[in-house]
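> These protein sequences, in sequence, are chains S and W. In terms of our numbering, the first sequence opens at residue 13 and continues consecutively. In terms of our numbering, the second sequence opens at residue 13 and continues consecutively.
Because the hints were derived from the structure by calculation, they are not lab data. Hints should not be assumed to be uniformly reliable.
Which copy is meant is left open, so a pair is good if it fits within one copy or across any two.
Unchecked claim - Straight-line C-alpha distance at most 20 Å; calculated DMTMM-like pairs for lysine to aspartate or glutamate:
1. Lys425 with Glu178
2. Lys425 with Asp78
3. Lys142 with Asp222
4. Lys425 with Glu170
For clarity, every value in this text was computed on a predicted model and none was experimentally measured.
There are 2 protein chains.
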Amino acid sequence: MKAILVIADGLGGRPTDTGGRTCLEAARTPHLDALAAGGALGLVDPIGPGVRPGSDTAHLSLLGYDPFTLYTGRGVFECLGIGLDVQAGDVCFRANFATVEARDAGLVVIDRRAGRIESGQDELAAALNKIRLEEVPGVSFQFRASTQHRGALLLRGESLSRYVTENDPHGAGELALRFEPEPGHEDEAALRTAAALNEFAERSHAALRDHPVNRRRVENGEPPANFVLARGAADCPNIPSIKSVYGVRGAVIAGGALYRGVALACGMTTIDVPGATGGLDTDLDAKARAAIDALDEFDYVFVHVKGADNAGHDQDAAAKTAFIERIDSELVGPLVERLDWNATHLAFTGDHTTPVDYGDHTVEPVPVLYVGPSVARDETTSYGEREAGRGGLGRFSGRVLPILLGYSNWAPKFGS
Amino acid sequence: MKAILVIADGLGGRPTDTGGRTCLEAARTPHLDALAAGGALGLVDPIGPGVRPGSDTAHLSLLGYDPFTLYTGRGVFECLGIGLDVQAGDVCFRANFATVEARDAGLVVIDRRAGRIESGQDELAAALNKIRLEEVPGVSFQFRASTQHRGALLLRGESLSRYVTENDPHGAGELALRFEPEPGHEDEAALRTAAALNEFAERSHAALRDHPVNRRRVENGEPPANFVLARGAADCPNIPSIKSVYGVRGAVIAGGALYRGVALACGMTTIDVPGATGGLDTDLDAKARAAIDALDEFDYVFVHVKGADNAGHDQDAAAKTAFIERIDSELVGPLVERLDWNATHLAFTGDHTTPVDYGDHTVEPVPVLYVGPSVARDETTSYGEREAGRGGLGRFSGRVLPILLGYSNWAPKFGS
């Protein structure tokens with residue numbers, strides 16, 4: 013038995029998306045429709061009814077974990093997803109290169125994304141990783157760059173705290189903030205963590221401002237990547253692995269570091285797919301091939317596809333509809349064609365709605381499809397929000413992966 | 013964007029109500045049916061599946077709070093709803109005037125409602141509010157009368173406990189009980205609170221028995237309101253306001269003190285509507301006008317309507333059906349006609365079922381309707397229990413207000 017979970021990020025929409033229909037309803041999705049006709053639909057509240065999900069909390073919940081008790085922040089998933097070795101006690105951040113100017117009042121953020129820098133990030137990261145703190149000894153940093161200005165930052169040392177604020181002012185022309193203990197958490201660990209971060213921020217500017225990469229950028233009229241903004245402080249959540257609970261081995265295929273990071277935190281193995289960008293240009297066909305291949309080695313595969321969410325945030329209904337059609341033809345089509353449907357279960361859902369008229373996540377539940385030998389076919393014949401509302405699986409909260417593993421007879425019994 | 017939540021108390025019923033149909037199904041509700049046709053239905057378990065709701069716990073849950081962790085008792089909502097200024101540490105009661113007779117064994121309750129006294133209650137309350145305790149110094153009382161025999165009682169002082177029993181024997185001809193610490197809570201605070209309440213009860217009889225209001229009642233052959241029964245001990249629950257969570261300002265329109273009290277505890281503003289009685293005779297048209305006016309000033313309005321529950325408790329199917337028809341024509345009709353449906357979301361539900369053949373709350377879920385620009389229309393065309401069972405929103409628990417605020421794009425994101 014094999015299982016495959018596909019989460020299409022930001023899949024859900026509203027009737028306002030395309031004049032009465034959601035993008036998903038408007039999209040031509042013959043393969044998903046065929047799976048719906050052969051399987052069953054329902055509605056899933058990614059976290060719970062009326063809870064507006066973030067991507068990180070939604071994924072934790074869909075994979076079977078309670079984000080209200082386990083979630084500590086986004087940074088740890090970014091660090092894991094980017095390949096840093098996170099250990100208990102580390103404090104993790106989502107980080108990015110920025111452009112600052114030194115003025116009398118302090119460092120003013122000119123560009124929060126350093127002109128979306130496209131090259132030289134690894135050399136800049138190498139310079140950052142040489143920084144040694146003097147005022148707060150015993151604390152070390154690891155920075156790793158990912159795409160463009162994006163990266164992740166990890167602190168390691170005795171007695172650190174995740175209860176610290178960020179240094180990102182979230183607006184150009186504003187002073188970079190100082191890290192501080194969060195209100196109500198002004199203990200020694202938080203004070204020490206904030207002091208280490210403030211020293212790191214100062215030294216990062218010193219290490220980057222005259223770096224050859226930045227000299228070239230200035231010569232070319234580009235904003236220098238001369239500062240690091242860090243946010244989303246988190247420590248390592250105590251997540252029992254899916255392997256330890258269900259006894260099966262899983263792999264994740266995802267372009268975005270965050271999603272790889274959540275899956276890694278749950279004990280999955282990452283499969284790198286060249287061309288999986290986490291954007292609208294991602295190579296879905298390559299992801300489908302990689303997923304099918306991975307099922308030779310793993311019991312289940314989790315495939316994350318980001319593009320529909322990007323289009324939703326961009327408030328571009330045509331792009332969202334077109335990307336959903338690409339998911340259907342380039343990802344679902346090959347799965348339908350090449351998997352053994354006598355011995356495979358598939359779940360297909362989204363992690364939240366991202367209606368194009370709003371351009372951000374909203375609270376509505378998303379459709380979920382299950383198909384495979386254990387799934388009793390319902391009366392639905394197409395894949396969409398409203399069809400899912402009359403599906404045979406009703407409405408439930410999170411836990412899409414545990415249900416999928418359950419159909420595959422891998423769920424542990426609670427009680428006897 | 014504006015939002016309006018209507019909760020029709022005790023709305024739900026059973027097929028035994030009217031020979032195969034519930035009162036709601038039997039009632040002629042053209043406006044609700046039209047809203048159902050333009051919106052979507054579902055079933056909501058006010059607290060959770062198989063949980064038989066009280067009115068207070070159901071409202072907390074529908075407004076988005078977990079009653080299992082937050083609910084401390086009914087008294088605090090009665091005190092808030094009646095206009096008392098509840099502070100942290102206060103212990104609050106639902107209270108009422110009663111008629112007692114002094115006998116050798118103690119005070120015997122002759123009429124638990126003092127003949128449903130209709131006048132003079134404020135003068136009696138003034139007499140109660142002059143009571144000063146001598147045996148338990150440092151504890152003060154506030155009593156406020158509402159309709160008929162009903163009122164609320166608040167204790168204030170150092171180190172009080174809500175873990176005390178009541179003095180209401182719940183039967184005529186029985187001795188008024190003494191307040192005691194609840195079993196398992198026999199600490200100093202509970203002993204002191206019970207002692208203060210017992211002294212207050214004694215002094216209340218002394219203050220009331222020869223009061224001019226009661227002399228007149230006895231002359232007129234009416235039972236004197238010469239004692240106070242108190243129950244539902246509660247302290248101030250730690251409820252974050254809806255404003256602090258969602259950033260929007262709301263108002264409540266409700267005849268019953270309990271419902272105003274729950275809404276006040278959640279941070280809403282009370283709007284007084286002359287003629288809103290909390291009974292079958294309430295002025296629904298005035299409530300509709302007040303709600304529409306309130307939406308000029310507030311982001312959302314919560315309208316509570318009590319009558320259907322009263323008729324359910326009275327086991328009067330005709331009265332329940334007729335009142336539901338009045339809700340449709342006098343409350344929903346004006347809302348349909350006068351609100352801007354391009355920029356308004358409405359939720360319409362009940363807080364529990366009150367079947368007329370049983371005459372009290374039961375566990376069944378109740379229908380919930382959402383309509384507005386963000387809501388995807390489903391296939392339902394009328395408003396009722398069974399139609400809601402085939403609605404596009406499925407079945408979920410509580411949280412009707414958070415979902416409504418989410419459709420209006422006011423929900424905070426959990427995670428990132």
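> Would you mind marking each hint as holding or not holding in the structure?
Now for the hints, and whether the structure bears them out:
1. In this homomeric assembly, Lys425 and Glu178 come within 20 Å of each other (Cα to Cα) only across copies, at 18 Å, whereas the closest approach inside a single copy is 43 Å.
2. Both within a single protomer and between protomers do Lys425 and Asp78 lie at most 20 Å apart by alpha-carbon distance, with minima of 19 Å and 16 Å respectively.
3. For the identical chains of this complex, Lys142 and Asp222 are intra-copy neighbours only, at 15 Å inside a copy versus 79 Å across copies, given an alpha-carbon limit of 20 Å.
4. Taking the shortest Cα distances, Lys425 and Glu170 never come within 20 Å of each other, neither inside one copy (39 Å) nor across copies (32 Å).
Hint check: a violation occurs at hint 4 only; the rest are consistent with the structure.
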